[in-house]
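Asker: This is what each chain is made of:
Number of protein chains: 2
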Amino acid sequence: MELLRVLWWVSATLAASATVPESSRFGALWPLPRSLHISPARLQLAPKRFQILHGSGSSAGPRCSLLQDAFRRYYGYIFGYSKWQNHDEKQPLSETELFSLQVIITSEDSECDKYPGVESDESYQLQVSEPTAVLKASKVWGALRGLETFSQLVNEDDYGSFFINESDISDSPRFAHRGILLDTSRHFLPLKSILINLDAMAFNKFNVFHWHIVDDQSFPYQSITFPELSAQGAYSYNHVYTPTDVRLVIDYARLRGIRVIPEFDTPGHTESWGKGQKDFLTPCYNGKHPSGSYGPVNPILNTTYDFMLQLLKEIRTVFPDEYIHLGGDEVDFTCWRSNPDVSEFMKERGFSHSYTKLESYYIEKILDMVSSLNKKSIVWQEVFDNGVQLQPDTIVEVWMGTLYKEELRRVTKEGHPAILAAPWYLDYISYGQDWKKYYSVEPLDFLGCRAQKELVVGGEACLWGEYVDATNLTPRLWPRASAVGERLWSSKNVTDIADAYNRLTEHRCRMLRRGVAAEPLFVGYCSNETGDGT
Amino acid sequence: MELLRVLWWVSATLAASATVPESSRFGALWPLPRSLHISPARLQLAPKRFQILHGSGSSAGPRCSLLQDAFRRYYGYIFGYSKWQNHDEKQPLSETELFSLQVIITSEDSECDKYPGVESDESYQLQVSEPTAVLKASKVWGALRGLETFSQLVNEDDYGSFFINESDISDSPRFAHRGILLDTSRHFLPLKSILINLDAMAFNKFNVFHWHIVDDQSFPYQSITFPELSAQGAYSYNHVYTPTDVRLVIDYARLRGIRVIPEFDTPGHTESWGKGQKDFLTPCYNGKHPSGSYGPVNPILNTTYDFMLQLLKEIRTVFPDEYIHLGGDEVDFTCWRSNPDVSEFMKERGFSHSYTKLESYYIEKILDMVSSLNKKSIVWQEVFDNGVQLQPDTIVEVWMGTLYKEELRRVTKEGHPAILAAPWYLDYISYGQDWKKYYSVEPLDFLGCRAQKELVVGGEACLWGEYVDATNLTPRLWPRASAVGERLWSSKNVTDIADAYNRLTEHRCRMLRRGVAAEPLFVGYCSNETGDGT
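Respectively, the protein sequence lines represent chains A and B. Residue 205 is where the first sequence starts when you use our numbering, and the numbers rise one by one after that. Residue 205 is where the second sequence starts when you use our numbering, and the numbers rise one by one after that.
Read the hints as simulated data drawn from the structure, not as lab findings. None of the values given here were measured: they were computed from a predicted structure. Virtual Cβ for every residue (Gly too), placed ideally from N, Cα, C. Incorrect hints may have been included.
[To be verified] Over the 12 Å line for every Cβ pair with chain B, so calculated as not near, a few chain A residues: (1) Ser243; (2) Pro244; (3) Pro266; (4) Thr300; (5) Glu323; (6) His443; (7) Phe511; (8) Leu594; (9) Gly619; (10) Leu648; (11) Asp673; (12) Leu677; (13) Ser731.
[Stated by the list, open to error] Computed, partial: chain A to chain B, Cβ under 8 Å: (14) Tyr363; (15) Tyr565; (16) Glu568; (17) Asn676.
Input sequences plus hints: build the corresponding full structure.
Answerer: Here you go:
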């Protein structure tokens, strides 16, 4: 019967060749490293003998739990968790066996216990040759990226044996900020969904989780200082992130070299805030009387700023990242216009009828608060467009439509760092392989000098939550976001869409094997699909 | 602490009111029954006491395992499986308690052990009043539909107690054929995905699983007569439906009143067939020599028809439904044109250069075979368009683009039954609430007399598999297909989109509770969402 099975297998493999993508000469690497040489020479790996170790001379050792965790995690990704357990122990050593991967942190401070930041060094060198592979990185962040790459180099042959090609890789990201935005306000996302997304981000070398945590629809962030915000503003008692949950997300992200940047978007997008914080929103008027509905944050009351300062102080403590995203997008002036107290306030301040000035007045105060708390700010592009005085280091996130190149030119012309999100709104779904559209974007393709280009710190793939919750998040985001991941990590000249298709198809199957239900690119199958398709 | 929890709950409920849909006066019924009266009077249900029973005078009893299974299944859907286990047993009987649902099959032959068919009677009457509800149906098929409706009437109050409003419902479907097409060739769908889809179909009163089981890309159907078809033509040994699998799907469907109609699409869409069946496909020519590639089925060889007859004989045995779908769509003539033997054959037959005539020649032979095997055929519209002689009872499935109304007119004008699929290709995704588009289709809105309208037997929501596999199937199909479900079941005048939104939002949450990961319609949440969002 065994012979029959092998025959079946061979025939099935041949049968599938028509729809299965060709192999890329870069194997299934995603995103593609900056420089790589893969030799045809193969080394075997024996799961029972292979080890990932701290190499001699490394500034990190067994005390570095970030690496200890990563070693175990990647061992699991490489070999799976159970199927090799029954392998024959008496098998003789191969003549060309890779016995270990030695990880060496070369900098005196490995940053093992720190949080990643925009300045973190993610570069690494990986040399795979007999009898041991060596992964060198200045900091643990580069080691994490190198472990991912190493795991992507290991393959199984037709008999289920593990092998790796001798390789020489030198790698570092093209952009420092490579983000995924998830929106937990329009739909609550259970912790499990967020954690799986962090796994997927690590598989694609993303390093920023932009947590659009609250918005008009709900306020799931459980504040210590203002517990009523979520008590009143969350969808339900079930739909809340406790301080423990938030801590868990930040820790889980850190272990994968991922920053967590929370967004507390004001003065618009704040309907849910008003439920738990009295007088925070502007009362709208219908003629001479309050209509009972509320508009954006009320910018004319001192209590507004007292509250924001206290909340920002808490946020500073809870979220370790250097940056806080302050939003500032899509402020509707209708309600401010209707309110006589707002009009009076504007007259006093000499704002004439410019509500943009009023908005700027508010945002500048918030930006100053963040500055005074020794944090830096990210804002959506309107804040820049409205002429708000920004700190030089305030990052402007460009999100609007098709004119984003012009916006990038203007933002960087003024000397501000920029993040590009506009072409990567992944909630806008369409039929077919739209990953190609995301892949073909060149972030630096705008008019500007070299200094301007250097101000583009990166980009973000955004999955807004109007139509997304735990039921469809993962397959909607992955592998479409992977296209953005390679664009932001790999060199500018990595643009071969056919080669990308071949590698991404394999990469998607690998994500599936690792528990991320990434959807297919096109017709075909994954050889390791289990009975339930995951 | 309990008081605090209740306060939290109340506040959260108020907080959510802005984004949560309003309650429909029809509760969460989906699809809406033909005639219903819901009284404000509430009856309580106690899970430990409530029973679903065979009523006296029913022609079905405990021997009818279809109903026994359905009773247990719906008991589970209504009360959940565990949370009420700890309820206080000593609670006094309520004055207005519903103790049971009595199910009475009124026809002498309950059809309990039969398969559903296009003629099956799915009508039922449901009367809910103290102390017992009565569900009357002529056949078990109506009882299944009524059980679903009954389960949709039961709600939980704020304290977790179950109640139902006194109601009087009389219901039957508007169209006899209400189908979902799944494509297991472009991507293999694991059994579990198919079974979950059958559950969801039952929740939406669909009654036909159109199983597009094989196509160009792969041949997962494991034939008993021709095992090489899947041995060579499936993606892999893993990606095959064994006879046991097929049997399981058919049985599982039958227990839910769902027909399984397999589609074996020829003469196009057959690339994968050619791998396991020598000489079945036409060799294409490059000038005077075979190019090595193959086109549609080779219609000029007797062996083609011998093979098809044997295969159809097997299909007749394996699939109990009265109908077989024979495909017949999208035949590319390029290869036939290139082949000199085909040209010779056409000259002999006097086909001139009409490849349409050649296609018709082939299809007519296949249709005759099916007829001779005492089965009926369904074909895609091209077969009709090409002027093929059809049996009067051959159903034409209309799938092409925007001119489907004209096609419906023509098909029914010729006296053929029709199924409408064109406006319901759910694989064509787009941003936003496209369910409204599907919901707004009126299948009988074409020019024709009453007799023509009566020839429209129903419709199908189609989820072709180019971009769909187990990772994204369920949230992509549900609840978008639910819109089609109501259109095909409910009365023509059920078109209030706002009311539909309110009911469908609740219905989607109910599907979630029952294990179907249906995606959200829009912002909001389900009160019973668990920690992992399902």
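Asker: All the hints need checking, so say for each whether the structure fits it.
Answerer: To see whether the hints hold, each was checked on the structure:
Against the 12 Å criterion, serine 243 of chain A stays outside the reach of chain B, whose nearest CB is about 30 Å from its own CB. Residue-level check passed: proline 244 of chain A sits 27 Å from the nearest beta carbon of chain B, beyond 12 Å. Separation of proline 266 of chain A from chain B is adequate, the least Cβ-Cβ distance of about 34 Å exceeding the 12 Å criterion. Every beta carbon of chain B lies more than 12 Å from that of threonine 300 of chain A, the smallest distance being close to 29 Å; the non-interface claim holds.
Once the 12 Å rule is applied to beta carbons, glutamate 323 of chain A is consistent with being away from chain B; the minimum gap is 35 Å. With a least beta-carbon separation of about 6 Å from chain B, histidine 443 of chain A fails to lie farther than 12 Å from that chain, contradicting its non-interface assignment. For phenylalanine 511 of chain A, the requirement that its beta carbon stay farther than 12 Å from each beta carbon of chain B is met, with the minimum near 18 Å. The beta carbon of leucine 594 of chain A is kept farther than 12 Å from every beta carbon of chain B, the shortest such distance being approximately 31 Å.
Consistency note on glycine 619 of chain A: stated as away from chain B, and its beta-carbon is indeed over 12 Å from all of that chain's, at 36 Å minimum. No Cβ of chain B comes within 12 Å of the Cβ of leucine 648 of chain A; the nearest lies about 28 Å off, and the non-interface call holds. Not every CB of chain B is more than 12 Å from the CB of aspartate 673 of chain A (nearest about 5 Å), against its label as outside the interface. Distance check for leucine 677 of chain A against chain B: the nearest CB is about 8 Å away, which does not clear 12 Å, and the non-interface claim fails.
Not every C-beta of chain B lies more than 12 Å from that of serine 731 of chain A, the closest at about 6 Å, which undercuts listing it as non-interface. Evaluation of the tyrosine 363 of chain A hint against chain B yields a violated restraint, the C-beta minimum of about 15 Å exceeding 8 Å. Annotation: tyrosine 565 of chain A was flagged as interfacial toward chain B, and the flag is violated, the nearest CB pair being 28 Å apart, outside 8 Å. Among the interface hints, the one on glutamate 568 of chain A is violated; its C-beta lies about 30 Å from the nearest C-beta in chain B, farther than the 8 Å criterion.
For asparagine 676 of chain A, the shortest C-beta to C-beta distance to chain B is roughly 4 Å, which falls under 8 Å, so the interface hint holds.
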